[in-house]
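Student: Single-letter residue listing:
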Amino acid sequence: MTHMQKNINLEVLRRVTYLIGSEDLIAKLPNVPAIVPFHDTIIEFLNQVSRVLMGNRAVRAYPDLVTFAFWIRKSSVLKQKERFENNEEAVTLGKGVAFHIAPSNVPVNFAYSLAAGLLCGNANIVRVPSKEFAQVHLLAEAFYQALEQYEELRSYVLLVRYGREKAVNDLFSSIADVRIVWGGDRTIEELRKSPLPPRSGEITFADRYSVAVIDADSYLRIEDKARTAEDFYNDTFLTDQNACTSPRVIVWMGNAIEEAKEMFWEEAYRVVRKKYNFQAIQGVNKLTSGYRIAAAESGVKIRRYMDNRIIRVSIPRITDFLMDYRDNSGYFYEYNCDHILEIRALCDDKRCQTIAYIGQREAVQPLLQAGVKGIDRVVPVGKTMDFDLIWDGYCLPSLLTRTIHLI
Amino acid sequence: MSFDEIVRIAPYSLNKREKEELLTKRLLELTEHHRRQCPAYARMLESIGFDEKHVKRYTDLPFLPVRLFKELDLRSVAEEAVVKTMTSSGTSGQAVSRIYLDRTTASNQQKTMVKIVSEFTGSGRMPMILIDCPGVVKNRAMFSARGAGMLGFSIFASKKMYALDDTMRLDVEGLKEFLANYRGQRILLFGFTFMIWQHFYQELMRLKEEGITFDLSDGIMIHGGGWKKLISEAVSREVFHQRLKEVCGLTKIHDYYGMVEQTGCIYMECAYGHLHASIFSDVVTRRPIDFSECTIGESGIIQVVSAIPESYPGHSLLTEDEGVILGEDDCPCGRKGKYFKIHGRLKDAEIRGCSDTYAEKYQS
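Protein chains in written order, with this note's numbering: chain S, 1 to 407; chain E, 1001 to 1364.
Take these hints with a grain of salt, some might be off.
[What the hints assert, rightly or not] Here are some of the chain E residues that sit facing chain S, going by a computed Cβ distance under 10 Å:
1. Glu1046
2. Leu1068
3. Leu1072
4. Gly1300
[Unchecked claim] As a list, the in silico DSSO-like pairs of lysine-lysine whose alpha-carbon atoms are at most 30 Å apart:
5. S:Lys131 to S:Lys28
6. E:Lys1138 to E:Lys1111
7. S:Lys225 to S:Lys301
8. E:Lys1341 to E:Lys1229
9. E:Lys1025 to E:Lys1341
10. E:Lys1347 to S:Lys301
11. S:Lys166 to S:Lys350
12. S:Lys274 to E:Lys1347
13. S:Lys383 to S:Lys275
14. E:Lys1084 to E:Lys1025
15. S:Lys301 to E:Lys1056
16. E:Lys1245 to E:Lys1159
17. S:Lys373 to S:Lys383
18. S:Lys275 to E:Lys1347
19. S:Lys383 to S:Lys131
20. E:Lys1070 to E:Lys1111
21. S:Lys225 to S:Lys383
22. E:Lys1053 to E:Lys1016
23. E:Lys1070 to E:Lys1084
24. E:Lys1111 to E:Lys1016
25. E:Lys1341 to E:Lys1056
26. E:Lys1053 to S:Lys301
27. E:Lys1159 to E:Lys1084
28. E:Lys1245 to E:Lys1229
29. S:Lys131 to E:Lys1229
30. S:Lys261 to E:Lys1053
31. S:Lys131 to E:Lys1228
32. S:Lys350 to E:Lys1070
33. E:Lys1252 to E:Lys1160
34. E:Lys1252 to E:Lys1229
35. E:Lys1025 to S:Lys301
36. S:Lys301 to E:Lys1070
37. E:Lys1111 to E:Lys1341
38. S:Lys131 to E:Lys1347
39. E:Lys1160 to E:Lys1176
40. E:Lys1229 to E:Lys1208
Calculated from the structure, these hints are not laboratory results.
The structure displayed is predicted, hence computed values, not measured ones.
By construction, the Cβ of each residue, glycine as well, lies at the ideal position given by its N, Cα and C atoms.
If we strip away everything but chain E, and leave its shape as in the complex, we get (with noise of 0.2 Å):
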């Protein structure tokens, strides 16, 4: 089964039964794809003594912890293949993941994007308003999880503006004069959830302090990169979405999650504060203390497959989050597939032992 097929599916249109059938096949095929191309993949399998006649469904499917792509190199593509390499977050000193895409791979992580993203934003480009700097896309050394996330996104974009200068502020005139020349059309915000409420929230409240404001009811925001820095502020979902409907009219509102070994299948938070998986992946919550599948409520920890990763064996991964999934197939916003919650990072050990810990570079 192609991932061509696939992609031709609306994304929330499949039920539990049909979305089972399809991601097994999907799944299975990838596993043993990677198996035949990628050596250190078919060791790890067969150091657990992996059977694939014993799978029944695809959440029977191993996984790999996310950050075994921080430590090792997994390809299952020939060198000469790869046409991109992408990086996760990370400060300086810092492992980062490297995820090896080639044509195929980064292709369809695109098409699927925008397939998925389309469903909440209309087709068609927009012109769209990055939160943040110029810089986190352009400097390298910068380059993160957020700058992936801009270059990503940007691919709706019929025009764009950098709403933030390099010293993160707020450029007022640059951001009247777009929205003044793209009057009347659906604008597209994105940044990441911190950025946005500290560099973009705070200073159109100051500014409506001194008689500046603008309007962006027409406008539709999409934000991510979680919460853990606004909930220590006392900043929750609903606040954030209430005050910037006070400060500027925004109604439109998603949050997503997604990481850069999955990326293309992003989760996107529906009109009910729901995130969405799409028929192009899912997630499976696991119970810590021995793996096994978390039933409907149950917190546990987050398992990601995706339909898409051909040139790394990134299909089936064990993220290092905490969530709950809420439900299937019965969302109130009528999309299909399971919908759930992510509660954050999941804590670092607190263990004993001779050697001193130093504190390594934090993570955000």
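So that you can see chain S by itself, here it is in the shape it has in the complex (with noise of 0.2 Å):
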């Protein structure tokens, strides 16, 4: 028996639920070799969760939930080896143990960082969502299935459900080589007041923000606008324009921007009041932040589209302290603006995280030769929310192995 292992309390084991897994596979993680990035047995066995998902019917209600059954299909996950493919002076193997607190609001996110975790040759703990989403429990059963055929892969797929308990996520980071953390800023704080041992590293998903840079006149000439409404729904209110990645304001830029303008929240307006589920409360809230901003700033002008689904604020100056008057649930700040350097408060902060763009990409550069903190992202609108290996400023693949020199 190691020394890890004799102090591995199963009293506190006793307050986790296994959604996948029991006490007896946690206790002997410590013990549980690496394995090197992107193994065939892995993929493969991601590729047969894959299979179970999509020949499940309930599956396909589940947007979300398709769109990872395709991430890791074997085909998409050996793309991703060809990217992060082994150099010849060294060997990676994975970190060991790698222990995954989730989102408790994103119902698929878990699943992403697990495959990840996998992908890259660790054993994993996840805590899952507390929250019963459907999709967690698809994803479970899914998992769990695959596993019958994959009895040597036991060790490496752990989902654990618990409160918001110390002593657990103390014993867990005590035998992780690596912490994963979602959920933003205060569950980071949580988390760090369990110790890590002294060679295990950590990832922390905090809280960020995103913005939109829209070139009117190339949004002008985009033929089919109906498709880009949809896709600029799927960045912001599919998700409450809460998450992370969700653009909360909309800078500008172009000759037509009035002309673009108009267009282009007519053809949102007509996606969100198809498919957004309003809440009474969302229009007093955001009512409630519009005037807030404008108590502090003059200039500032609110308008809604319509209704309360969209509201617009247009703001006459990019501050520093603008996104500590964000609001979510169809909440924008617009800014027509001449030259991209003008929003530079607004990415010199280490909470910005996601440039979605219309027009061209290069239109950012300026900012990133500034060396601005934040920006960690810089994709199409429409494509916020997909999901890649090298996530909010992160490679998770060299983050989640360790690297062997040979010489």
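From the two separate chains plus the hints, produce the assembled complex.
Tutor: What follows is the structure, given as structure tokens:
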């Protein structure tokens, strides 16, 4: 028996519910070998999970699940493998045990975190959302079924659920080689109270905000504006405009800005009206937010497009406190911008994550050259939610593996 | 138009047209007053492109969400003129409203309250039983809507007693003595709906089984604070009335609706179970989707307007309550004006997002 195993307090483990796994498997975890990244068995296993998901009619009702099932298909994973292939001078191996804290509010996020952990060759303990999302259940079921054909991977996929209990966090952290914390600042703060072993690393997904930069002239040239409106809806309203990737500010550039705005919102409204489930309090919340910033700054204009579903707040200048006034559920700041560096204050902030663009990606370049502290992703409108192994400024394949130098 | 002119009019005497004319004039003046005196308010009006030329009726005036008073300091008088700052209920850690009163506004609140409540209790002060503990007023840390309600209604007391001690137990001996001392006089009882049920009614029931009874058939009870907790215990207004009558003979029971942000303008419940708007204020129900005005009988978000506030821009507010206007000028009780019902608080938004939500301290 190793020193590690003696330290595992079974009493604490009884407070945990296992969707997949058991106390026993957790207790043995420190002795489970790491795997090389993108190992064939893992790729086949994930492909099997994908097949189970795709074969389940219930899954089709959840676009987020279908997207995940596509992402872990063999053909898609092989493309990833190619991107992160080894070089000659080094061998990489999984870190060992990865402990994941999934966000409580996003049903499928934990599965991406788990898949990344697996692909990088780690044994994974994943705390799934506390809320009873149907997607969580369907995913657990698919992983469980696939594991029946991959007995050897049982120690690598452990799905757990427990309250915000420090004792459990302490225990899992004490055996983690890497800790992956989703769920924002407060959750990170909680987890930081549980120490990690000296060699272990941590990846934290903090509270972030995102921005859209739209070149009005490029927008006006788009033929399928209805498609763009759908894309924009998926970036924003689909997650109540409250994901870290959801644009909160729209920066308009180019010549025909007013014309573009009119068409853009008309198209957006059509989709929002059809798809978005508006809750009564949201209108009150957004009016409150609009008045808050209007009280603080002169020249602010609050406009609603048709009704309370879309609230547009135009601001005369970009300030570094703008995002202290951010809101969600269809609350957009709009800024007419002559030169991209005017929004520097918004991006020179570690909370700034994604720039979603319509037009030329290069338009954002001057900001990066200016050395801003924010901006970790620059992606076309419609792609803000697409998960990738490079995410939120982190290259997950490097952070979830260790590199063995061979000379 | 000054408030002194308005306060002379009987609270439920004006019909729709008369009241509309009066309130439109006064509220337009208040809007202009606050625009001049409160720069933050002026900027808010500017942000929505408000133009008073487009105001035909007071319902066309802008409204501020009540929550703004928790987030901003909104004052239309110099800091030195503030004689009292009212705060709303707030459990620890929660933001509270701060309402700044100068002498005029504070005094007009009181005058209004007296005018309205006297319509139900008759004029003159009465011996009063506060169904709560003394701590709720004395202890500043506990000071809340409950405390504010107690203090507000205390102006009707010739003599007052707290029915509960600080452990929320009924002071049986004190109550006996108080009732003996004021036998033959009409007694005013005041408290929060849930407190009355939990700590007064339940205790009277228990005492009755022991053979100890109280006769409050000459009493008049005013209660507020909403029904949320009682509804979860399946206690309706009818049950509440019936049971109190059975246990102590109390028949005159009036609910009221009101808020710290518009103190003075309370909405009293008549014998038909309807909350009434006096001429000093009004309720407007609005559709959540676009804030357009609801028709009579259609549920919506409650907006309240009040002719009183001069020291803070709170004359037109959008609450987070939901309710329905039942009618106007035609309640069988004979009072003019709108009568309505409150359904309760709007539900908090359930929204998705990457950041975990941590339950805030829960508000009653």
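Student: Next, verify each hint and record whether it holds.
Tutor: Here's how the hints hold up against the structure:
1. Glu1046: 7 Å, holds
2. Leu1068: 6 Å, holds
3. Leu1072: 6 Å, holds
4. Gly1300: 9 Å, holds
5. S:Lys131 to S:Lys28: 28 Å, holds
6. E:Lys1138 to E:Lys1111: Measuring from Cα to Cα gives roughly 24 Å; hence the hint holds.
7. S:Lys225 to S:Lys301: 26 Å, holds
8. E:Lys1341 to E:Lys1229: 17 Å, holds
9. E:Lys1025 to E:Lys1341: The hint holds at about 27 Å.
10. E:Lys1347 to S:Lys301: 28 Å, holds
11. S:Lys166 to S:Lys350: Distance of about 28 Å is within 30 Å: holds.
12. S:Lys274 to E:Lys1347: OK: Lys274 of chain S and Lys1347 of chain E at ~22 Å, within 30 Å.
13. S:Lys383 to S:Lys275: 19 Å, holds
14. E:Lys1084 to E:Lys1025: 27 Å, holds
15. S:Lys301 to E:Lys1056: 23 Å, holds
16. E:Lys1245 to E:Lys1159: 24 Å, holds
17. S:Lys373 to S:Lys383: It holds: about 22 Å lies between the C-alpha atoms, which stays within 30 Å.
18. S:Lys275 to E:Lys1347: 21 Å, holds
19. S:Lys383 to S:Lys131: Since the Cα atoms of Lys383 of chain S and Lys131 of chain S sit roughly 26 Å apart, the hinted pair holds (cutoff 30 Å).
20. E:Lys1070 to E:Lys1111: Given that 30 Å is the threshold and the Cα spacing comes to 26 Å, the pair holds.
21. S:Lys225 to S:Lys383: 16 Å, holds
22. E:Lys1053 to E:Lys1016: 22 Å, holds
23. E:Lys1070 to E:Lys1084: OK: Lys1070 of chain E and Lys1084 of chain E at ~16 Å, within 30 Å.
24. E:Lys1111 to E:Lys1016: Distance of about 23 Å is within 30 Å: holds.
25. E:Lys1341 to E:Lys1056: Holds - the C-alpha atoms of Lys1056 of chain E and Lys1341 of chain E are around 26 Å apart, at most 30 Å.
26. E:Lys1053 to S:Lys301: Roughly 19 Å separates the two Cα atoms, so the pair holds.
27. E:Lys1159 to E:Lys1084: At roughly 24 Å apart (the allowed maximum being 30 Å), Lys1084 of chain E and Lys1159 of chain E satisfy the hint.
28. E:Lys1245 to E:Lys1229: 21 Å, holds
29. S:Lys131 to E:Lys1229: Since the Cα atoms of Lys131 of chain S and Lys1229 of chain E sit roughly 25 Å apart, the hinted pair holds (cutoff 30 Å).
30. S:Lys261 to E:Lys1053: Holds, at roughly 29 Å.
31. S:Lys131 to E:Lys1228: Since the Cα atoms of Lys131 of chain S and Lys1228 of chain E sit roughly 25 Å apart, the hinted pair holds (cutoff 30 Å).
32. S:Lys350 to E:Lys1070: Measuring from Cα to Cα gives roughly 29 Å; hence the hint holds.
33. E:Lys1252 to E:Lys1160: Answer holds: Lys1252 of chain E to Lys1160 of chain E is near 19 Å, not above 30 Å.
34. E:Lys1252 to E:Lys1229: 22 Å, holds
35. E:Lys1025 to S:Lys301: 27 Å, holds
36. S:Lys301 to E:Lys1070: 22 Å, holds
37. E:Lys1111 to E:Lys1341: 25 Å, holds
38. S:Lys131 to E:Lys1347: 18 Å, holds
39. E:Lys1160 to E:Lys1176: 14 Å, holds
40. E:Lys1229 to E:Lys1208: 24 Å, holds
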